[in-house]
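Undergrad: Spelled out, the chains give:
Protein chains: 2
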Amino acid sequence: MYWSKTFIPTLKDAPQEAESESHKLLLRAGMIRMLMAGVYSYLPLGYRALMNIQDIIRQEMQASGAAEVLLPALQPLELWQRSGRDKDIGEVMIRFTDRKGRKICLGPTHEEVITDLVRQQVSSYKQLPVVLYQIQTKFRDELRPRFGLVRGCEFIMKDAYSFDRDEQGLDKNYQLIFAAYERIFKRCGLGVLSVEADSGVMGGSVSHEFMVPAQEGEDNVLFCAVCHKGFPAKENAALNCSKCKGKLEKVSTLEVGHIFKLGTKYSSVLGANFVDAQGKMQPIIMGCYGIGVSRLISAVVEQNHDANGIIWPMEVAPYKVIILPLDITEPKIMEQANNLHARLEGAGVTVLLDDRDERAGVKFKDADLLGINLQLVIGKQFLKDGTLELKERGKEEKNAVTAEGVLEKIRAALHG
Amino acid sequence: MYWSKTFIPTLKDAPQEAESESHKLLLRAGMIRMLMAGVYSYLPLGYRALMNIQDIIRQEMQASGAAEVLLPALQPLELWQRSGRDKDIGEVMIRFTDRKGRKICLGPTHEEVITDLVRQQVSSYKQLPVVLYQIQTKFRDELRPRFGLVRGCEFIMKDAYSFDRDEQGLDKNYQLIFAAYERIFKRCGLGVLSVEADSGVMGGSVSHEFMVPAQEGEDNVLFCAVCHKGFPAKENAALNCSKCKGKLEKVSTLEVGHIFKLGTKYSSVLGANFVDAQGKMQPIIMGCYGIGVSRLISAVVEQNHDANGIIWPMEVAPYKVIILPLDITEPKIMEQANNLHARLEGAGVTVLLDDRDERAGVKFKDADLLGINLQLVIGKQFLKDGTLELKERGKEEKNAVTAEGVLEKIRAALHG
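In the order they appear, the protein sequences are chains A and B. The opening position of the first sequence corresponds to residue 1 in my numbering, with each subsequent residue numbered one higher. The opening position of the second sequence corresponds to residue 1 in my numbering, with each subsequent residue numbered one higher.
Just to be clear, a hint being listed does not mean it is correct.
Pairs involving identical chains hold if they fit within one copy or between any two copies, as the list cannot separate such chains.
When the alpha-carbon atoms are kept at most 30 angstroms apart in a straight line, the in silico DSS-like pairs for lysine-lysine are as follows [what the hints assert, rightly or not]:
hint, residue 1, residue 2
1, Lys243, Lys12
2, Lys332, Lys126
3, Lys100, Lys87
4, Lys247, Lys172
Read the hints as simulated data drawn from the structure, not as lab findings.
Could you build the full structure based on these sequences and the hints that come with them?
TA: This is the structure in structure tokens:
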């Protein structure tokens with residue numbers, strides 16, 4: 001991709017609205033823009049990072065045995081009245097009456113919709129288990145939007161729901177998805193603490209939160225410096241780790257995932273029953289499993305940046321390589337840049353070519369800000385002896401490489 | 001994928017709500033389910049078809065030079081008041097006031113939002129052209145939802161917007177996207193008529209609609225039987241084709257795309273200007289380009305089915321191959337089925353294995369209904385002489401194949 005053919009409006013300074021480091025960097029790097037408080041547009045580079053995160057989630061959810069669906073944002077309020085959650089959830093749920101007089105809400109979550117869907121299609125133990133997930137846009141009437149993509153009025157979630165015959169089935173799916181979450185966060189370049197947590201408005205017995213330590217967090221977690229186990233911050237900080245007796249430290253965190261053993265809370269009120277092997281009617285045993293997809297971008301940047309900009313984890317990066325021809329008026333330099341761009345694309349390596357007529361200093365600063373993993377510089381040295389410079393974002397070391405050898409070096413850097 | 005691990009609730013009869021043939025088949029094949037009138041859930045198979053269509057659109061839009069973004073569904077009503085369209089668009093646009101008193105609408109389209117975004121980032125002719133697109137969920141307070149995914153209250157659109165320095169630039173982008181549309185619809189297995197059309201509430205000078213002939217259409221188009229040119233139905237049907245003088249016939253159609261030369265309608269009222277090479281301030285010249293992504297599924301099924309079910313065009317099919325072991329209690333049959341499933345997945349061929357304990361007749365009927373391209377039957381003949389049966393959906397011919405030779409036959413059938 002050529003810089004001139006996409007849309008990357010970088011900024012020297014962060015807009016006043018920006019609070020946290022990730023918020024500032026995502027705005028400055030031209031990844032997102034605010035439409036109104038709590039509502040953001042994803043520009044091409046931010047959208048590419050978002051899609052990479054979605055791909056990771058899809059792969060790992062599928063590997064855990066879940067099938068993908070897409071449920072509506074518009075939901076009949078009546079379903080929420082039947083579960084009783086229309087009151088519990090309060091004013092944060094957006095509601096309106098349409099022209100036909102139907103009472104509709106913009107679903108902030110989908111337990112009711114999916115339980116009702118499965119209720120209509122499943123009647124026998126032979127049809128269970130069913131595990132479904134979606135990646136979908138959700139809405140909240142949020143009084144205090146914060147930190148850009150962290151807490152907004154419109155955001156993207158991955159929500160999964162498991163339907164089982166018995167508690168053992170639920171335990172198994174809970175473990176499978178727990179393990180998928182660990183793989184997802186690792187591939188996103190995140191160090192995450194899992195903490196046993198309150199089930200809150202979701203209901204059910206057991207739940208775990210996945211928390212990313214971040215300078216500007218929303219919640220505190222107690223963290224054992226010895227065995228790395230996490231505990232809810234409400235526990236007395238004087239206590240030692242219940243697992244290894246190590247000392248606990250308080251860390252500021254962002255919640256990126258939350259999984260719940262729901263049991264029969266929704267299936268019993270909504271009538272989602274099945275006939276078991278003995279011919280007896282039973283409510284289906286459920287679990288639900290959320291990941292904050294759009295806020296993951298912020299969490300990734302919180303944990304992966306330096307003073308100069310973002311340092312994308314390899315799998316999340318909008319592009320893997322940025323080519324920096326330092327003088328675009330020099331035909332030999334641009335010929336080599338175009339040539340390398342074509343070779344990298346041909347080899348399946350995502351690449352951005354900064355073809356702007358800008359000073360070298362501007363290009364270097366922007367390349368660091370965008371956080372693309374490998375910077376390939378074509379400058380004066382190339383005109384002298386044909387060598388290019390290859391630099392990894394976040395490292396000081398620069399390597400002189402030849403145009404012939406560069407593809408192999410890039411492959412080694414990407415896979416090694 | 002194993003049938004038992006996904007969620008395919010097929011139906012013998014279509015629910016009463018179903019009107020058109022595509023609506024009936026999508027419900028019966030377990031691709032979609034209605035949540036309320038005009039609002040549908042995509043089940044795993046329907047979602048796979050939807051994602052395949054989205055992939056085709058992404059590839060062709062990128063090939064035309066457009067970059068992908070994602071804009072919010074929540075929009076400040078104030079932007080619509082500035083363009084004057086809050087009145088033009090009327091009650092079909094969903095509006096509400098949030099807890100902070102902000103007047104918000106659920107955007108049925110994004111001209112205002114994207115013009116305002118580009119206005120803030122672009123100031124010089126050097127930054128133009130910019131061509132952006134998104135695939136995004138839109139909302140309408142639709143009084144008369146129809147035909148399932150064809151006309152609903154919540155639907156997915158691809159909308160693209162071009163920003164140019166001059167009319168020549170707009171003409172070029174309009175042609176590029178017109179050509180991309182022709183490739184998209186062809187890859188979706190659709191015969192489409194392009195018709196010069198009214199610009200309506202969008203404004204601007206020139207516009208073209210892309211219309212799919214369908215038994216249960218929404219609009220009529222006049223179609224030249226000789227040169228295949230299409231004309232709006234409001235023209236007098238007695239007239240002959242203006243291109244070749246051929247006789248015109250009236251056909252019922254569904255609109256799947258609409259492209260507009262907007263000119264400066266939005267840029268001038270919203271102040272999206274740039275400084276040209278002569279230093280003069282000018283409004284940016286715009287175009288906009290829509291595709292009804294979710295209704296494309298219905299259009300594809302309208303044009304690609306028979307009395308027994310769907311016949312997916314190859315690139316849209318949720319799976320390319322369905323394996324039908326006719327007796328799952330016979331270990332030799334299931335061993336071969338599992339083996340073939342693994343080999344096909346290993347070869348990158350998407351495959352569904354019907355591992356239900358159902359009669360052969362049920363499996364055949366459902367396989368025809370789902371419309372997966374290649375049916376691979378493992379039945380009694382396999383126990384006798386080791387041969388399988390390979391059948392193409394929509395064709396009568398059945399071919400006996402060996403387990404060793406089947407991968408090659410499948411490759412040949414998939415690639416033409």
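Undergrad: Does each hint fit the structure? Answer for all of them.
TA: Comparing the hints with the structure gives:
no.	hint	in the structure
1	Lys243 <-> Lys12	neither (47 angstroms within a copy, 56 angstroms between copies)
2	Lys332 <-> Lys126	between (68 angstroms within a copy, 23 angstroms between copies)
3	Lys100 <-> Lys87	both (23 angstroms within a copy, 20 angstroms between copies)
4	Lys247 <-> Lys172	neither (32 angstroms within a copy, 67 angstroms between copies)
Checked against the numbered hints above, the structure violates hints 1, 4; every other hint is satisfied.
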